[in-house]
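As given, the protein sequences belong to chains B and E, one line each in that order.
Under this note's numbering, think of the first position of the first sequence as 1, with each following residue one higher.
Under this note's numbering, think of the first position of the second sequence as 1001, with each following residue one higher.
Hint data in this document are derived by calculation from the structure and do not stem from the laboratory.
Careful, some of the hints might be misleading.
As the list claims (entries may be wrong) - Some but not every residue of chain B turned toward chain E, in silico, with C-beta under 8 Å:
(1) Tyr232
(2) Ala283
(3) Asn294
(4) Phe376
Claimed, not checked - Simulated pairs of lysine-lysine, DSBU-like, Cα-Cα distance not exceeding 35 Å:
(5) E:Lys1010 to B:Lys344
(6) B:Lys332 to B:Lys279
(7) B:Lys611 to E:Lys1075
(8) E:Lys1085 to B:Lys372
(9) B:Lys279 to B:Lys325
Stated by the list, open to error - Derived Cβ-Cβ restraints for the label pairs, each shown as a range:
(10) B:Lys667 to E:Asn1065: 48 to 54 Å
(11) B:Asn561 to E:Pro1095: 41 to 47 Å
(12) E:Gln1064 to B:Ile479: 41 to 47 Å
(13) B:Tyr305 to E:Gly1017: 20 to 26 Å
(14) E:Gly1017 to B:Lys667: 48 to 54 Å
(15) E:Gly1045 to B:Ala251: 44 to 50 Å
(16) B:Pro640 to E:Gly1017: 30 to 36 Å
The beta-carbon is built from N, C-alpha and C at its ideal position, and this holds for glycine as well.
Each chain, written out:
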Amino acid sequence: MFPASTKTPHKQPRKQSISIGRGTRKKDEDSGTEVGEGTDEWAQSKATVRPPDQLELTDAELKEEFTRILTANNPHAPQNIVRYSFKEGTYKLIGFVNQLAVHYTQVGNLIPKDSDEGRRQHYRDELVADSQESAKVVISETENLEEDEEPKELETEPGSQTDVPAAGEAEKVTEEELMTPKQPKEQKLTNQFNFSERASQTFNNPLRDRECQMEPPPRTNFSATANQWEIYDAYVEELEKQEKTKEKEKAKTPVAKKTGKMAMRKLTSLESQTDDITKVSQAAKIVERMVNQNTYDDVAQDFKYYEDAADEYRDQEGTLLPLWKFQNDQAKHLSVTALCWNPKYRDLFAVGYGSYDFMKQSRGMLLLYSMKNPSFPEYMFSSDSGIMCLDIHVDHPYLVAVGHYDGNVAIYNLKKPHSQPSFRSSAKSGKHTDPVWQSELVHIDVIKLKVEGSTTEVPEGLQLHTVGCGTAFDFHKEIDYLFLVGTEEGKIYKCSKSYSSQFLDTYDAHNMAVDAVSWNPYHTKVFMSCSSDWTVKIWDHTIKLSTLHHCRTPMFIYDLNSAVGDVAWAPYSSTVFAAVTTDGKAHVFDLAINKYEAICNQPVAAKKKNKITHVQFNPIHPIIIVGDDRGHIICLKLSPNLRKMPKEKKGQEVQKGPAVEIAKLDKLLNLVREVKTKT
Amino acid sequence: MIFLVEETLKRIQSHKGVIGTMVVNAEGIPIRTTLDNSTTVQYAGLLHQLTMKARSTVRDIDPQNDLTFLRIRSKKHEIMVAPDKEYLLIVIQNPCE
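Isolated chain B, as found in the complex (with noise of 0.2 Å):
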């Protein structure tokens, strides 16, 4: 607390130094007191004592009063404490601040009487009070103490320095109280001074591991590969499983689905006992394939590649170059007695075996074999009669058409892996009692041709009398009905289905029976016949009789200085024509070329003795095969001399067609009619 208004007297400076005499004590007028004469070393010693570095003021400025306030204010408290304000987005001072200031602070440990802890405190010391009923003494002082304490508690202020000796004198209380002993409880007080920790431990329960162990399941270790074409693969067998599963619906009959399942059980069963080593077959048949091509390579690439090039210098003559050769050991003293190329595979032929010996009959036997593999054929039948002729047929390719000797005709169904015929005419179902000679698979009729002379057609029975026996007979390539017969005698009969009693012209072909009647492919007029009689000829149905001659003519006759098994027209021009004769020599005419003579005249036997007994060309490839009465088969190529094609013009297209063929026949006829009507 500052004086409230306070003078600082300045006093006059002095000029000069201090000094302290009886006179100049007199000069002073503010000196306070005025000592008497006794006191002048105190006066002295009173004179006020300037510093040195004292500011120097005038009188003026001496006497200026300066006001002093005093007010209840924190000198520290901050004036200017600024605050941001939201709500006007500044900051604003604030005028009002704290002007608190606090000198002493310290924590004390009273407590309000009022309050829980306050309130339980008491209840306690009134408890230790009732307990102490007997000690007076401790009672009076707990009394006083408590009288003391109530007042210390009600002050605020920080006395609690007085507390603690409170406090104390409480302890001593406590420990009086323990001391007697007839106290029934402890006090427990969680302080500082008796605390003691206590701790107690139990049993832990023992810990006990329980494993148990199981089999390991059955582990299996998989690994495939992913591949595109596995995936496809698994796609296709869920469509045929589909597709299964599809008929299996269609079908419905409970009982079949049981069979099928034990068969098919009966099937899987099998197959795994068994090694197994039919699967191998069809690898095997590949492998067999690949061998005979190794072996017969050089073949092979003839077949494919090879064209006679001395034919330029030939003139016109052509050449057949012998290829491969069929010949299988059962069929050994058999002769070939029929030759035919399958219309859908074209490597693939049959061949007929039997006896043209009528003394001596024996087995027949039916072979099949393909070119690619000219050691074994692929289809082997055999039979106890010798078969005389075959036929397949053109729509179902698995169908071969057999005729026998002892007039039987049977038909083969290759699909089917049986050696036995999948039909056979039997008496019942008119047999025939003589040999079969021709037969021929038009549609899905058999028509036969019988040596008793009538061609019947099973089932219908069509019978047609002749004067003699029938040996060959053809059916035209376009008109349906009409065909045409050979006789034993040397005769031809045109016949027609529709005219079952009679024929509709006769020809006076041969001297011998007529081995084989042929239309030319292309040409519907022309057809060709052969004869023991040495001789060859082709005739066209359609001309007139001539004046001179009561019967037809032939437009061509060829003789072969022997009789001639076989003939055949080839398939890839209206022109040539093959001839094989029993002297074991194969004859190609082609008209367009030389009208009189052979372009090829050849020997092809394996054998000089065999007697070539039947030829067929080949629909595509330029070959074709001659069959022995060895049983022998020989393939051969034909050399381009025997494959010519009409040269074309310069600047002409070449054509092709049978239009072409049919031109170029009709050329030469016209040629030969001239000639004849000439003569």
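With chain B fixed as given, assemble chain E onto it according to the hints.
Same frame as chain B, but now just chain E:
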């Protein structure tokens, strides 16, 4: 059926130039052979792998296609392998004798 296959295999074996034939199953284990054991095992193992590779190649190019047969021509002879679904038929031939 079995007889037919046996016949065919016999014919192949007796064909001109054929040195040996063997049938190997899908895992490369020989089932039938006309050669000695060590050679057979060697051929079987090696050719099996080669055939698998060849087949994989063919099918990768076109999954609808499949390997028909495999020929390996060497100076001394020719090895022909015809794979099947479960079996492999191997023939060793000396083509020009």
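Non-conforming hints, listed in increasing numerical order: 7
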